[in-house]
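Starting from the known structure of chain G, fit chains X, B and Y onto it as the hints suggest.
Chains as they are written, first to last, in full-length UniProt numbering: chain G, 1 to 168; chain X, 1 to 168; chain B, 1 to 168; chain Y, 1 to 168.
If you're looking for bench data, these hints aren't it; they were derived computationally from the structure.
In this text, all values refer to a predicted model and were calculated from it rather than measured experimentally.
Among these hints, one or two may not hold up.
Claimed, not checked - Estimated spans, in silico, between C-beta atoms of each pair:
#, chain 1, residue 1, chain 2, residue 2, range
1, B, ASP158, X, HIS121, 21 to 27 Å
2, B, LEU161, X, GLU143, 23 to 29 Å
3, Y, PRO40, B, GLU155, 39 to 45 Å
4, Y, ASP32, X, GLY47, 57 to 63 Å
Where is the CB? At the ideal position from N, CA and C, for every residue including glycine.
Protein chains: 4
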Amino acid sequence: MVSSADTSRANSLPETTYFTKPPVDGEFVQVDKIAWQPMPEPFAHGGICWKLLHVSPELGSWTAYFKCPAGSHFSAHIHIGPGEYLLTKGKMEVRGGIENGGETAYELGYGYEPSSARHDHTYFPIDSEFYMSFVGPLHWIHEDGSTVAVTGWKELQDVWLQQTGIAA
Amino acid sequence: MVSSADTSRANSLPETTYFTKPPVDGEFVQVDKIAWQPMPEPFAHGGICWKLLHVSPELGSWTAYFKCPAGSHFSAHIHIGPGEYLLTKGKMEVRGGIENGGETAYELGYGYEPSSARHDHTYFPIDSEFYMSFVGPLHWIHEDGSTVAVTGWKELQDVWLQQTGIAA
Amino acid sequence: MVSSADTSRANSLPETTYFTKPPVDGEFVQVDKIAWQPMPEPFAHGGICWKLLHVSPELGSWTAYFKCPAGSHFSAHIHIGPGEYLLTKGKMEVRGGIENGGETAYELGYGYEPSSARHDHTYFPIDSEFYMSFVGPLHWIHEDGSTVAVTGWKELQDVWLQQTGIAA
Amino acid sequence: MVSSADTSRANSLPETTYFTKPPVDGEFVQVDKIAWQPMPEPFAHGGICWKLLHVSPELGSWTAYFKCPAGSHFSAHIHIGPGEYLLTKGKMEVRGGIENGGETAYELGYGYEPSSARHDHTYFPIDSEFYMSFVGPLHWIHEDGSTVAVTGWKELQDVWLQQTGIAA
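So here's chain G without its partners, still in its complex pose (with noise of 0.2 Å):
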């Protein structure tokens, strides 16, 4: 099946690799009894805190819990993939609010942002918090639509074990 310009492939066919796979583990947080730790800049204003859940490497997806003070917001970014949040408390204004043709989510609301969803303004006008679960990376930029981060599962794990001290 192979070309005859290709003499070399008797002596460098590779190996085939063969994974016996076991089933994934299923996984538990108390969410209450773990520290909140701070949002980064450039990413977050305004004192947003937040606990990584859950990463699946396989996918790219994770889910985090998040609580927001009055008058904080996020950076400008695309979610690559879907997204599917919860406001648990409080109100968050997506996409610049219901006033500017996104919306205005109040306690107890559910959203789903699909794939390229671009979330330019992202606002909470009062104490607010909400989980969120999001299928691969988020895609932060600047207002010309340029690259400032692409910070998916990995990066964000990173981030977390060194806040948390479990990476020394």
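Quick look at chains X, B and Y alone, frame taken from chain G:
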């Protein structure tokens, strides 16, 4: 490229269908503004109610919010794909609870249930509420592992539309 | 945050388990170097063979390569999640073929089968081969729609390991 | 459930939007019946052509078929989500090839490239063809890791529609 045994190709070659697809829309549900619906037997017992928040027909994922009175429980089921929950109120014993090798979640608790997780006993000793996102259907089973039903996003959307009167 | 009805919390609060996860490894299989194995009845008829190429335990997806002699067919099944195939050789009639409202694929043909796609008749009129990736299990059914079996990545890996002698 | 600081709620509570969704349609492409299009620089070099076979806007996945002349190569990129390929013709050196710690695939070869896989050197020493399905975008990078572009299903569909004249 076609075998000479296939003489009918010239006449029957199918048209290529090609779809130009728009991005998926975002969604928002003000959860406290929609009415509870009962989870039907034989899936739930003791007065469990639900609100269907989202379905994703492409991947087959779906998201719901559940209210579980003290003493209620779910029937035995397997999570065909992974699921993630946030217990927002009360106490939930998963896989028999921590005394039996499973988990006991308290408010505010997060859990990741992997693909193929089998939940024989999910019990709520006190009034509880939880949010959960699912990839793929639930496979409801008898004690011997045989199938009661396989309920995916489509079957669940059908139940919800009927319960809420959206579908006549 | 816990109901006063729950007096046992202080003593029984579960440990939080948190996992530090490595990236997933890449894989490579030189497909022509591994042996064909028979697809067992009652799933396939007429001498269909397969090679399992990959399983993804986290999402429950899997990938295989199939060889289907002239006259062979698969039993009726539902794709629980989406699947994509590349017919690399021959001719495949899906859902009864184009004469019956389904598809007839010729080499080189690509198809996307959505979540919940039901395939009552998948037939190979000439010697054929195809590659297919699947999200989630196949739900094999009787003519009346009742369950024969639900075969996911784990069941299929178990069959493959046994057939190839990797698992004793 | 709403903080007393939020006095505007009664007037501004958003409408709940709820979508009744149909199943996703199946698709079929007779691959040899559609024309090759050039992969544009700066992504590919040496005459690489492609056929876009499928996009999945919900998850952000997509599938394509590539023809790579002897001596062609792809620019450096990161797979944001997992990808799977089937080399149907020729020889492909991934991550520098087996001599440099990567893989060298021969027809018929299958590979799984995990989320976050970085491919600095993907080279085709002989005329080659491969099929590949991708979850999420490709993140094209300069040698120092900085971003050239992030190309997902939407950007790729736009290029394809323009190249094929489907979009005016």
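To see whether the hints hold, each was checked on the structure:
1. ASP158(B) to HIS121(X): 21 to 27 Å: Holds: the Cβ-Cβ distance is about 26 Å, inside 21 to 27 Å.
2. LEU161(B) to GLU143(X): 23 to 29 Å: Holds: the Cβ-Cβ distance is about 28 Å, inside 23 to 29 Å.
3. PRO40(Y) to GLU155(B): 39 to 45 Å: Roughly 44 Å apart at Cβ, these two residues keep to the hinted range, so it holds.
4. ASP32(Y) to GLY47(X): 57 to 63 Å: At 59 Å between Cβs, range holds.
Of the numbered hints given earlier, the model fails none.
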